[in-house]
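Student: Below, each chain spelled out in residue letters.
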Amino acid sequence: MFKKLAAFSKRFFSGNQEPDGPVLESAAVETLRLTFKSRFHSFKLLLAANSRILEAMADMEKALQGKELFSMSFVQAHCTSISVNVFRMIADMENIAPGKYSALKERFIAIQRRIDGLLGAKKQLTERRLVIPLEAVTSDMTDLVGGKMASLGDVKNKLQMHVPAGFVITAVAHDVFMSADGLQREIDRLFQVAGSDEDRNLDLVSSQIRQRIMSAEVPESIYLAVVEAYTRMKEAANGQEIRMAVRSSAYGEDAENSSFAGQYRSELNVGFSQFFYYYKQVMASKYSVQAIAYKMNRGFRDEDIAMCVGCLAMVDAIAGGVIYTRNPLDTRDEAIYINSTWGLPKAVVDGNDLCDLFVVSRDDALTILRREVREKGYQFICYEDEGCIRTETATGQGSQPSLTDEQVQALADHAIQIEQYYETAQDIEWAIDAEGQISILQSRPLQQMEMVLPGPELDLRRFETAMVVEGGINASPGVASGTIFKVTKKVDILQFPEGAVLVVEQALPSWAPLVARAAAMISEQGGFAGHLANVAREFGIPALFGVTGAMTKVQNGDLVTVAADLGRVYLGCIAPLLEYKRPEPKLMIGSPVYESLKEVSRHIIPLHLLDPESRDFLPQNCQTFHDITRFIHEKAVLEMFSFGKDHSFSERSSKQLHYKVPMNWWILNLDDGFTHEINGKYVKLEDIASIPMRAFWDGFAAIPWDGPPAMDGKGMTSIMFRSTMNPALVPGLKSKYADRNYFMVSKNYCTLSSRLGYHFSTMEAMVSERSGENYLGFKFKGGAADFERCMGRVNFIREILERYGFRAVVNADNVDARMEGYDMDFMIDRLKILGYLTLHTRQLDMIMSNSALVNYYMAKLTKDIDSLISQ
Amino acid sequence: MLLVDDEDVFREATARQLTVRGFIVQTADCGKAALELVKNDPPEVVVLDQEMPGLLGSETFIEIKKINPLVEVIMLTGNTSVDNAIELMQLGTFDYLMKPINIDELLYKIEDAYTRKKLNEKQRQDADL
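Respectively, the protein sequence lines represent chains A and B.
In terms of the working numbering, the first sequence opens at residue 1421 and continues consecutively.
In terms of the working numbering, the second sequence opens at residue 126 and continues consecutively.
Incorrect hints may appear among the rest.
[Unchecked claim] Listed next, with one range per pair, are the computed distances between beta-carbon atoms:
1. Lys247/B / Arg2022/A: 40 to 50 Å
2. Asp131/B / Arg2035/A: 47 to 57 Å
3. Arg1605/A / Lys247/B: 46 to 56 Å
4. Ile228/B / Tyr1803/A: 24 to 34 Å
5. Lys247/B / Gly2100/A: 28 to 38 Å
6. Glu161/B / Arg1605/A: 38 to 48 Å
7. Asn2041/A / Glu161/B: 44 to 54 Å
8. Ile149/B / Thr1451/A: 43 to 53 Å
9. His1582/A / Glu184/B: 56 to 66 Å
10. Ile149/B / Gly1807/A: 37 to 47 Å
11. His1582/A / Asp131/B: 33 to 43 Å
12. Glu1661/A / Asp133/B: 23 to 33 Å
[Unchecked claim] Covered stretches of chain B (in silico footprint by chain A; criterion: 3 or more residues with CB under 8 Å from a CB of chain A, positions within the stretch not fixed):
13. 151–164
14. 187–193
15. 224–234
16. 247–253
Derived by calculation from the structure, the hints in this document are not laboratory data.
Note that beta-carbon positions come from the ideal geometry of N, C-alpha and C, so glycine has one too.
Work out the full structure: start from the sequences and follow the hints.
Tutor: So this is what it looks like as structure tokens:
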């Protein structure tokens, strides 16, 4: 059928072993050979599946440290991969020992159900309403209308403040929309296809998903519910057409510790004829590049975020902005901060332009403590028909304050009431129309941080000559160092290096995907009230905004130190300032994605079946997937090993290694591990074709053992005491420890169970041209010395193994090391190391209380190993 | 071997890479076309995408097994659902790979599936004797 497989098949089925002499084979022998071949093939598949599972579990454990970002796709893909491979192992085990371990399947199903339950867990809504008028919305409806609109509902209905008329298209509608025509399934698929490169393929995935949403039909039920709600609004406005602000109100958006600030789309001044187009735009914005990046960086699960959409009558604002009811950068400052500009508040929240700042005291008189009136060259205004535009302010208007003192105080009064109601600092978006009516458009919790200013102990004058920027607005406090990277267009995002200092002209929300990768941010425009500033504070990235001429003051590649609290940028890395750096927030830990991984891991990673000799080492005691794989691996090796004996099949019985003299090493050939079929009792080293066994032996035999290290009195007492307590430690006595050293080999596979002196080790290796399937596993346990010194040796070995690229873990008195995925030459070198260590760490536990000897042996062993692998 | 996937770019690129590595590859862009090929020129191994318009991969798999129960099938999917994966394995697919695939991994799976098929055929012949 195909060339390569034909050649492969010929090799596999003819066998490449020449028999020692002509042998008459009965049909029964032929059947046994075939059965063994089939079982060995299953054994190899089982080992490969086991290796993939261990690798996936190692990935999960690494992710659980919370230092790296991962998405729900990571959790899903790893769970699926592990489940499939555990299933594969059970199926292969069934072929190796038919009917013998059928209880495993029941355990698999039970564990799998628990994992399914955790992965499929999604908040169930009991409500069925697709659209809810704002008059009926309260803050306990967050699940249904999203945080933004739920909060606004209370401002309107409980605080009786002016909020434009409107309605919310609910989370129920979101589910109806996304489940129509398999839309959500298609989105999940696109994420999955992007795989671990989700971050790199972000643009493509985002654009594909948004296209799918934009080309989807709005389900009729949603359409009719919206038309009904709009018609009611229109009737209340005496039949006048109403232009709308269509705003995202995603579930999870605007929560206390996650702002989602500016990550989703809002459309202003939309006529009803275009309404559903913009509704879909807002829905699609859940998958904008910045929203996906934000979700990933903060560990939100896509399935947890329902995009509710708030629809409010548009306010034709003459001034608008954002109030911070407290200073976001100083918890001791009780003043109210009002950022304001001409026209719509969009200019303030988007961070495009400079705006006025009014700082108001919380006292009864609402004293205006500070007025910073800036040149506002641009404003956003509503078009007559539809949409809005950024336009120049009228001559002379830009330099005028955008609010009167009365308006400032009225806004401060609103701010205090809202804060008192929510009992926490708030970030409030507002607008004032031509009649002077104040409308509240949004209120969400405000995150506060402390500035970290160096005290008098640090003389800043020392660094003055290196200062390249002074001034600007501290948008997010902190100090950081990195090289400058200017971003002017979207495509620059792809080139942005990890840990660089981002420099932009405008502090636009669209730069948010870079926040998690940047060391610090500098912007020519924008203030501390913009979305990007919010995101920077959330991620703990220092940001200095409103820095005039920033783009020309620093150059790409310059190494700089940004001290946002001081409003300064210095050339070079100013180490004394970096001591004031904030600890990086571990945003993944505690996030929904992290918690999902943690929960499912409990059914996957812990190992309860530790001792194969124990009576409890049974399929029905497997509590996790790791237990199942551990059990199967142990039993599969034994089944393969005992095949020859169980079937009185001498071809598959073990042979004794003859290396100069007969040795206490026994070898079972699984398939093509010998150069030819061996009929006698002994096998010579040159008859062994197993690549991993030969490599191990090369390391084992390369350098003669110096003999036991000189023992001190304490060491001798310890061994005598332990031998008295545990007769199994005395060589020559028959016990489970007095087993022989066994290899099982094929050309590319080798497993070893060995006892040398008082320690036990197991080694397993798959080494072939298939680098992706190569792995080495090594376990080392025991010793005759006291526990402390046994532990000393185990850690000594771990240190050496880690030095040569192994992933090694110490549990109790054993070390468990593993590596996978390297090419054949690399693996062969590592096997030599294992062979060497197996011999040369004999009795080293005895000297572990003597640090000089420990250092001597560490130097000696490392030197030997280096010479071994350079050969 | 037969590669069945409705995504033209993926199918053609993968077929090309497998051909370079020495395989003789037939391709089909849907379940129906795949079944025709299986009837007329049964492959040893089928690599089958799950999400396709018309017949789904799992449905195509069942039909393939009806035509020739010994053909080994490797499923590809862009969907991470554990449920689906296990269901497909329980139906008797040889293995299950998630997109994006690693071409070497696919190659190993095809070799393994081929070996398994030949062993099954031999064992069946042996039992018949």
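Student: Are any of the numbered hints broken by this structure? If so, which, sorted upward?
Tutor: 3, 4, 6, 8, 10, 11, 12, 13, 14
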